[in-house]
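Construct the complete structure from the given sequences, taking the supplied hints into account.
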Amino acid sequence: MGFRKFINSKTLLSFFAAFTLLGTNLLMAQTEAAASTTGQPEAPQVDWTGVAYYLLLFFLVCLGVAVVGKILKIYDLTLQIQGKKGLKWNTVMAVVCLVFLLAGLYGAYWSFTVQGSMSLPEAASVHGVEIDEMFTVTTVLTMIVFFITQILLFGFLFQYRHSDKRRAHFLPHNNTIEKVWTIAPAIVLTILVVFGFFTWQKIENSTNVNGDINIDITGHQFAWEIRYPGKDGKLGPKDFKLVSTANKLGVDFKKKSSFDDLSADTIYLPVNKSIRLNILAQDVIHSVYMPHFRLQQNAVPGLPTFFKFIPTITTADMRRKVDDPKFEYLVYCNKICGGAHYNMQRVVRVVTEAEYQSWLSRQKPYLTDALRKELHFAAAGQQKTESPNRLALNN
Amino acid sequence: MSTLAVHDHGVAHHDDHGHEHHHNQSFLSKYVFSMDHKMIAKQFLITGITMAVIAMILSILFRIQLAYPDKTFPLLTTLLGRFAPNGRISADFYLSLVTIHGTIMVFFVLTAGLSGTFANLLIPLQLGARDMASPFMNMLSYWFFFLASVIMISSFFVQKGPASGGWTIYPPLSALPKAMPGSGMGMTLWLISMVLFIASQLMAGINYVSTILNMRTKGMDLWKMPLSVWALFLTAVLGVLAFPVLVAGVVLLVFDRSFGTSFYLSDIVLNGVQQPFEGGSPILFQHLFWFLGHPEVYIVIMPAMGISSEVMSVNSRKPIFGYHAMVYSLIGITVLSFIVWGHHMFVTGMNPFLGGVFMITTLIIAVPSAVKTFNWLATLWRGNIRFTPAMLFAIGMVSFFISGGLTGIFLGNAALDINLHDTYFVVAHFHLVMGSAAIFGMLAGVYHWFPKMFGRMMDEKLGYLHFWLTFIGAYLVFFPMHFMGLDGVPRRYYAFTEFVSMQRWLTVNVFITWSAIMAGCAQVAFLYNFISSIFIGKKATQNPWESNTLEWTTPVEHLHGNWPGEIPTVYRWPYDYSKPGAEHDFIPQTVPFSETMSSNLPQDFEDNPAGLEELNKFTSTLKANEQVK
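Protein sequence lines correspond, in order, to chains A and B. Residues 1 to 395 in the numbering used here are what the first sequence lists, from first letter to last. Residues 396 to 1024 in the numbering used here are what the second sequence lists, from first letter to last.
Since the hints were derived computationally from the structure, they do not count as laboratory data. Remember, predicted model here, so these are calculated numbers, not experimental data. In this text, a Cβ means the ideal position worked out from N, Cα and C, and glycines have one as well. Certain hints may be false.
To be verified - Restricting the straight-line Cα-Cα distance to at most 30 Å, the calculated cross-link-like pairs of lysine-lysine (DSS-like) are: (1) A:Lys84 x B:Lys856; (2) B:Lys856 x A:Lys10; (3) A:Lys10 x B:Lys466; (4) A:Lys88 x B:Lys933.
Said to hold, decoys possible - A short list of chain B residues far from chain A (calculated; beta carbon distances all over 10 Å): (5) Gly579; (6) Ser605; (7) Ala643; (8) Asn666; (9) Trp776; (10) Phe805; (11) Met848; (12) Arg851; (13) Gln937; (14) His953; (15) Pro963; (16) Phe988; (17) Phe1000; (18) Asn1011; (19) Thr1016; (20) Asn1020.
Here it is as structure tokens:
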């Protein structure tokens, strides 16, 4: 049809080639201009691989494929003309399946060893160790199934490739084996579930116990606000209606516990002590994610959430373990929250008790002077000089 | 004469044509506003493929951003304008790309494109019906889908851009237009599009269920239906029960956005300004969303499973192993899928006990999925395997389903999910099960039923090329992502450049992007094959795959009403392949047992004592003759 004529037209092809080359020239000119304006001292590196280059490359690959396809077709047809059987595509595919199996097994192995080793270092929390154990067990079980089933799948494809000389084996069902492979996975999964259920219950238990260090972490677009309790060990309550420029978290100063709270821009944690994160968000859902501690909990506006954990490896120790003197534990935001979702981080440092206390003593109070003014409190350091002067009152 | 016969059976839908004689159909009523299920199936397929290409291009765009976060591409500014200033995709538009890619792929391609196409094509043909229960509603379901697609794409052309809160659009981010540009008009258009889409799915689903329950031909009882129809039936049931809950969630979101309600909002201070919302909970939306969201993923995978079962059986020349077990597994998956939705919400801070319950139900649902996988392997065992492109894609589906399904076991375990939620581990998991397994099921269906849809064959060698490039490409793209997730790399991150710990994944990102580009280019082979074969493909025979099911007993040229004359009667189940003693290695469902005495087995007559009598007579005669010899 007209379509064929269009493709076969040599004139059109030459026009297309000329057009592509011209287009490449134009785009090259653009890139060259861009490169020269960067003012590099050495010889300007022109990036000549523009869009047209890639399109042309793709077109050439398609051409190559078409040529190879035509060659194979002609070969196949000539064989058939000679009365011989054509190319045995079925066998070719079966062999490719086997090759894929071997290449795939190697690829999986490579991925596991090279990329698998690029994962998190050992868990830096008590519960994290349990999670990692469960992960190992799950991995071992699932990987056994993975390798057996994929090998059987591609192995069968090769072994039972079509042959005119035989027929398939008519076996519509076998109830015994159905029972076996229903009950076996059920048992394995039950073990995993029970193991998981009790671990989960333990981890998610966030009841406030005497001695827990409560730390307030509040997310907003696009940063985390950190607040530590003062000497009383209690965090003051918050109310979103009280949020103002000086009172970013809306801390309610009608309660005594709020007065000694401290604000911080880094999270310092004393090692081997129970930490209880008080998590909240102010505008949209964010999420507190500290992968090294195996910790994650959503920060939801209107729904305070909590996560308790005990950090076990100090930053200094972890730096030695991962052989990176600049290593830091981090908090990531892990729930899509807007344009800068990808850059909402805070540094977390796990330190000894002594270092923690010294750092804590250096933190500024949340109740800044500006906030005091806003709340009409007397300035810090001033004595309470209000004289009731009740005699002047006439009631 | 044949016209009369057709009129008798299809009276209802003929009247709706508004034409006196069904031969004189205008172009509009034959190709555009068609009420014929076969045409509607093709409409769903073409729209689905178009949306898939669009969503794939979106994914290549954001993969380029991830691979080259520091490079400028002036072409992007030319193409995308304000969304990509100075040759870099903006952070907000990146989130839009990710959102619309997910929305289109999950809903428009894998739900409408997959079940819309194959339910419409196969249900009447494989059951022996002239058309769907309500051809008019069927047509409406397509046109609502088309309208929804147009509106979804139109959201790219509004000032602030398309919705960008992720395909899960959690409030308050999606409820507050000031929270991000994509939560403005783009979000409104997304919500409108989805309401229309769900309306389309409901109309379609009710049609499918009614047709399957009421319009099967003589002899076609439920246990003689092919697995493809079983899967599409249960998918439709899931859809009808689950989609309305998302509508509820969407309606409440519309109210929160536009009418000052506080269903999902409370205690909000946005950009330093207190918002007047109190008493709501964002978690409510998540429950409503995932109550659909989880059945949705089974709506996506079950038709692919049904199609693969069918394709694998035909091409192994063997019955699908454990037909009854396969049906019960599908039913099990359908029922269980309603009680696992909370596993998407383990880290929301909801009551841990609730999380524990959802963990238990989630791991239970792994059992029927495992059973199905083992049954597929057993179908291949001792088969006589023909490698058509459809067969390769069906096998690819099984391979991806194994890989992706196994990682689901990690994520279903709440304790493990703590560190894996919203990381690339999840991205790898769902792309393997949905973006690979389900799409391969769909492609298997396209290659297998292309002759039925278009009366021509697709090119086999191009099909082989398409398969291997896509299969290898998909594994190269998604396998490394598991390890990124295990290293704590979060998803929906515009760039990895802000975190020192993520630097080592930058080269992997480049590798993944190029693998994705290769896999994307491989789709050109499919598109060229699909489009050119419609016009210049080799003309197909009536039953090119030598299959047993009913759709291959219709003539190659499409007929309104499917069969000229009487609809065939069905005598046997669809899986009599390679029956010992049979002349050919397949026996269509329409062949009565009386014609195949040499291959009949006692189990064929479980509900037919008279037939069993005949069989015993035949075998004893045979034995007597043998003894004489």
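A quick look at each hint next to the structure:
Straight-line distance between C-alpha atoms of Lys84 of chain A and Lys856 of chain B comes to about 20 Å, which keeps the hinted pair within the 30 Å bound. For the hint linking Lys856 of chain B to Lys10 of chain A, the alpha-carbon distance of about 26 Å falls within 30 Å, and the restraint holds. A hinted pair counts as satisfied when its Cα atoms are at most 30 Å apart, and Lys10 of chain A with Lys466 of chain B does not qualify at roughly 38 Å. Simply put, Lys88 of chain A and Lys933 of chain B have alpha-carbon atoms about 20 Å apart, close enough for the 30 Å limit, and the pair holds.
No beta-carbon of chain A comes within 10 Å of the beta-carbon of Gly579 of chain B; the shortest separation is about 13 Å. Look at Ser605 of chain B: its CB is around 30 Å from the nearest CB on chain A, clear of 10 Å, so calling it non-interface holds up. The beta carbon of Ala643 of chain B sits about 20 Å from the closest Cβ of chain A, which is more than 10 Å, so the claim that it is off the interface holds. The Cβ of Asn666 of chain B sits about 7 Å from the closest Cβ of chain A, inside the 10 Å cut-off, so the non-interface label is violated.
Not every C-beta of chain A lies more than 10 Å from that of Trp776 of chain B, the closest at about 6 Å, which undercuts listing it as non-interface. The claim that Phe805 of chain B lies off the interface is violated: its Cβ sits roughly 6 Å from the closest Cβ of chain A, which falls inside the 10 Å cut-off. Interface exclusion of Met848 of chain B from chain A stands, the closest Cβ pair being 20 Å apart, more than 10 Å. Its beta-carbon lying about 14 Å from the closest one in chain A, Arg851 of chain B satisfies the requirement of being farther than 10 Å from that chain.
Every CB of chain A is more than 10 Å from the CB of Gln937 of chain B (nearest about 22 Å), matching its label as outside the interface. Listed as a non-interface residue, His953 of chain B keeps its Cβ farther than 10 Å from every Cβ of chain A; the least gap is roughly 21 Å. No Cβ of chain A comes within 10 Å of the Cβ of Pro963 of chain B; the nearest lies about 23 Å off, and the non-interface call holds. With a cut of 10 Å on Cβ distances, Phe988 of chain B stays outside the contact zone with chain A, its closest approach being about 16 Å.
For Phe1000 of chain B, the condition that its CB be more than 10 Å from all CB atoms of chain A holds, with the nearest at approximately 14 Å. Non-interface call for Asn1011 of chain B relative to chain A: holds, since the shortest CB-CB distance, roughly 20 Å, exceeds 10 Å. Consistency note on Thr1016 of chain B: stated as away from chain A, and its beta-carbon is indeed over 10 Å from all of that chain's, at 23 Å minimum. For Asn1020 of chain B, the requirement that its beta carbon stay farther than 10 Å from each beta carbon of chain A is met, with the minimum near 24 Å.
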